[in-house]
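Enquirer: Spelled out, the chains give:
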Amino acid sequence: MIQIANLTKRFAGTAVLDGIDLDIEQGEIIVVIGPSGTGKSTLLRCLNFLEHPDAGQLTLGDLQVDVTRASRRDILAARRRTAFVFQNYALFANKTALENIAEGLIIVNRWPKDKAHARAREILERIGLADKADAYPASLSGGQQQRVGIGRAMAAQAEVILFDEPTSSLDPEWVEEVLGLMKQLAAERQTMLVVTHEMGFAQDVADRVVFMEGGRIVEQGPPAQLFQSPQDPRTRDFLRKVLAGQPAPQPG
Amino acid sequence: MSVLDLDYMLGLLPILLSYLPLTLQMAAAGMVLALALACGLAVIRVLKIPGLNAATMLFISFFRGTPLLVQLFLFYYGLPQLLDFLTQINGITATIMGLTLHFSAYMAESIRAAIVGVDRSQTEAALSIGMTNAQLMRRIVLPQATRVAVPTLMNYFIDMIKATSLAFTLGVTELMGATQKEAAGSFLYFEAFVTVAVIYWIVVELLAWGQRRLESRLNKAYSR
Amino acid sequence: MGRSLNPVKNIALPLLASGLLATGPAQAEQDESLRVGMSGGYFPFTFVEQDTLKGFEVDVMEAVAEQMDTEVVFETANFSGLFGMLESGRIDTIANQITITEERLAKYAFTEPYVYDGAQVVVKEGNTSITGVEDLAGKSVAVNLGSNFEALLRELPYADDIDIRTYESNIEQDTALGRVDAFVMDRVSASQVIKDKPLPLQLAGETFSEIHNALPFRDTEQGRQLRDEVGQALQTLRDNGTLADISERWFGSDITQP
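Protein chains in written order, with our numbering: chain A, 1 to 252; chain B, 1001 to 1224; chain C, 2001 to 2258.
Next comes chain A alone, as it looks inside the complex (with noise of 0.2 Å):
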């Protein structure tokens, strides 16, 4: 169970969030859509501590922090609480696949080396990539970087893991297998925060829908309810405009 209340982040004096609040419950996926530049990826990586927030109180799992008086400790505390998945996907360039995805089990979570790479196996069984176990990432298409770096947040075992517009940076031919694995993890219930600009898949998974705009949360609630009836003329003017360009849900 996550809570995060009053989370606010400010670069150059401009706050970017302002003043966030959002509880989360275990099992729920949860995804933010809103135009550019609002402050989803923002709270994303504050939620890992990527950037430093100027002010809130997090709640992740068993750990309760004041961003304001957050040690070293605390910030690797609430890291291991939430797992990332990159836009770029981020993968280390001199590790495997299956060293990608054991890394943080044996140099954060002390496993040994064998029972990590059994669980990273077994992870990428999961994501269907066992037979890419021993590839460096320069050798994997896109689609299949995204699936190990997922794979990585997995192991993670966090309290959830953080989407950060996770299909935006994949050629049109990989986007459905990635978000084919993340509809896998939310139909196991894992906990997930997705920035996206994927509406069907906002539709499809998603318990909740967050709509933000400059740095707030407009509105937020079932997709249905969201995309059907939006009650916010900002909510209704952005899937207006961002529908044009997709099929899927219509406006109410």
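Source of the hints: derived by calculation from the structure; they are not laboratory data.
Watch out, some of these pointers could steer you wrong.
Covered by chain B, per the in silico footprint, the following chain C stretches (three or more residues, Cβ under 8 Å) [to be verified]:
#, region
1, 2071-2085
2, 2186-2198
Interface residues of chain B toward chain C, partial, derived using beta-carbon atoms under 8 Å [to be verified]:
#, residue
3, F1073
4, P1080
5, F1168
6, T1169
7, L1170
8, G1171
9, K1181
10, G1185
11, S1186
12, F1187
In silico lysine-lysine, DSSO-like type, Cα no more than 30 Å apart, as pairs [claimed, not checked]:
#, chain 1, residue 1, chain 2, residue 2
13, A, K115, A, K132
14, A, K183, A, K241
15, A, K132, A, K113
16, C, K2139, C, K2195
17, A, K183, A, K115
18, A, K132, B, K1220
19, A, K132, A, K183
20, B, K1220, A, K113
21, A, K115, B, K1220
A quick note: this is a predicted structure, and the numbers were derived from the prediction, not measured.
Every residue, glycine too, gets a C-beta built ideally from N, C-alpha and C.
With chain A held as given, fit chains B and C onto it using these hints.
Expert: Positioned in the frame of chain A, the structure of chains B and C alone reads:
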């Protein structure tokens, strides 16, 4: 002096070879120390540690901006006139220190560039799974930076071997100094310098061979 | 008469093993020994053959040390490094045919001269266009870096027309190869080079300046005291004929008398 005096060259070879260990030892000691210093300087530059960063930039600027021979002279002859204890440093030590300071300045910049060149998103990925900065450097950044930096660093080592020939100016008879003096005794300059050139050349070729093997081993990890 | 120069025996390994601030052997023996610097590259005064340091200077300084009842330690370095070694206290004196000049007299404490010589122009064999110092105008002339011959050339009335080139070493070689028209060196060693070495060179004319060579010491109380002791030993060697013997052995004539 129409033909090479081969007998003289063959006789000279073992004499000159007996000075090769000193040349290699000075270069090896200089390389180890310069690498250690350069890593420290590079980390200061990458992390932009306040105060130290500016001092490091000044250090690098000076030691890259002045000839090695000038630095050796300042170090060995100039400074001892100001600081008495420095007269305790002998020519070999001064040469090693000079090589260390001079080459560490160049190597620090190569290492810094190699570290900075590692994709920033990998750093974030390592942090995101809970690695500490030290683990991140050791497991992810340095192995990749090493691969990028090794060819340049090996070239500096080769340069350093040749730069040891300046040590004779500090009274250290190494390979080059021995050659100069033998040539003065025989006046067979061409023969003497051909002999020493061949020695340097073979040593450098052996190193280049080692370098290629090392590089292909480091590269293997990325291309499968 | 000779000294082994092999560094591995002498210094290298223990030094590298013991780390950066090791002290040199010369330093350790400072109190007992006379430390003499030379280039090892100035035939026949100081040169190396088969890894052995030899020459007139070596014999003279060994005789001096024997006379003083002390040990002599030779330190070889590029000529350009020798005065630095003297000033920084790493050697006591330089035995490398150092010519007494005004500038040097102002800075160092010299013994009485032990070699009297003249500056000599040397050209490639068969060169008839230069028959003495007066023909050097418009020519390129090599001198050794730090030697006094450059100053002597600059004193000539037509000095501006001479292309003076300063060398770290190998001036004989470059003259024989025709890269420069002539070199200037002391007559004694020039004659020796022509006689003993396989280079096509010849003397051009007579000597053009008298030069007095002596041993420089640091101009400090300690330096002057050592200068006096060495000077005394030299005088004794001159009086008992040892200097003349050494000179005869190397040059077939006595260059140690005015």
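Enquirer: Confirm or reject each hint.
Expert: Each hint tested on the structure:
Under a criterion of three residues with beta carbons nearer than 8 Å to beta carbons of chain B, the stated coverage of the region 2071-2085 of chain C is upheld, 8 such residues being counted. Note: the region 2186-2198 of chain C has 4 residues with beta-carbon separation from chain B under 8 Å; the three-residue rule is met and the coverage holds. Here the hint on F1073 of chain B is kept, as its CB sits about 7 Å from the closest CB of chain C, short of 8 Å. Taken as an interface hint, P1080 of chain B checks out: its beta carbon lies about 4 Å from the nearest beta carbon of chain C, inside 8 Å.
For F1168 of chain B, the shortest C-beta to C-beta distance to chain C is roughly 5 Å, which falls under 8 Å, so the interface hint holds. A hinted interface residue such as T1169 of chain B counts as satisfied when its beta carbon comes closer than 8 Å to some beta carbon of chain C; here the least separation is about 4 Å, so the hint holds. The closest approach between the C-beta of L1170 of chain B and any C-beta of chain C is roughly 6 Å, which is under the 8 Å cut-off, so the hint is satisfied. Of the supplied interface hints, the one on G1171 of chain B holds, with its beta-carbon coming within about 4 Å of a beta-carbon of chain C, less than 8 Å.
Given hint, K1181 of chain B at the interface with chain C, holds; its Cβ is 4 Å from that chain's nearest Cβ, closer than 8 Å. Annotation: G1185 of chain B was flagged as interfacial toward chain C, and the flag holds, the nearest CB pair being 4 Å apart, inside 8 Å. Restraint check, S1186 of chain B versus chain C: the minimum CB separation of about 7 Å is within 8 Å; hint holds. Checking F1187 of chain B against chain C: minimum C-beta separation of about 4 Å stays under 8 Å; hint holds.
A C-alpha spacing of about 19 Å is found between K115 of chain A and K132 of chain A, which places the hinted pair at or below 30 Å, so the restraint holds. At most 30 Å may separate the alpha-carbon atoms for a hinted pair to count; K183 of chain A and K241 of chain A meet this at roughly 25 Å. With a C-alpha separation of about 19 Å, the suggested pair K132 of chain A and K113 of chain A falls inside the 30 Å cut-off, and the hint holds. With a C-alpha separation of about 25 Å, the suggested pair K2139 of chain C and K2195 of chain C falls inside the 30 Å cut-off, and the hint holds.
At most 30 Å may separate the alpha-carbon atoms for a hinted pair to count; K183 of chain A and K115 of chain A meet this at roughly 27 Å. Among the hinted pairs, K132 of chain A with K1220 of chain B is consistent with the structure: their alpha-carbon atoms are about 16 Å apart, no more than 30 Å. With a C-alpha separation of about 22 Å, the suggested pairing of K132 of chain A with K183 of chain A holds against the 30 Å cut-off. Proposed proximity of K1220 of chain B and K113 of chain A is supported: the alpha carbons are some 22 Å apart, at most 30 Å.
Proposed proximity of K115 of chain A and K1220 of chain B is supported: the alpha carbons are some 26 Å apart, at most 30 Å.
Checked against the numbered hints above, the structure breaks none of them.
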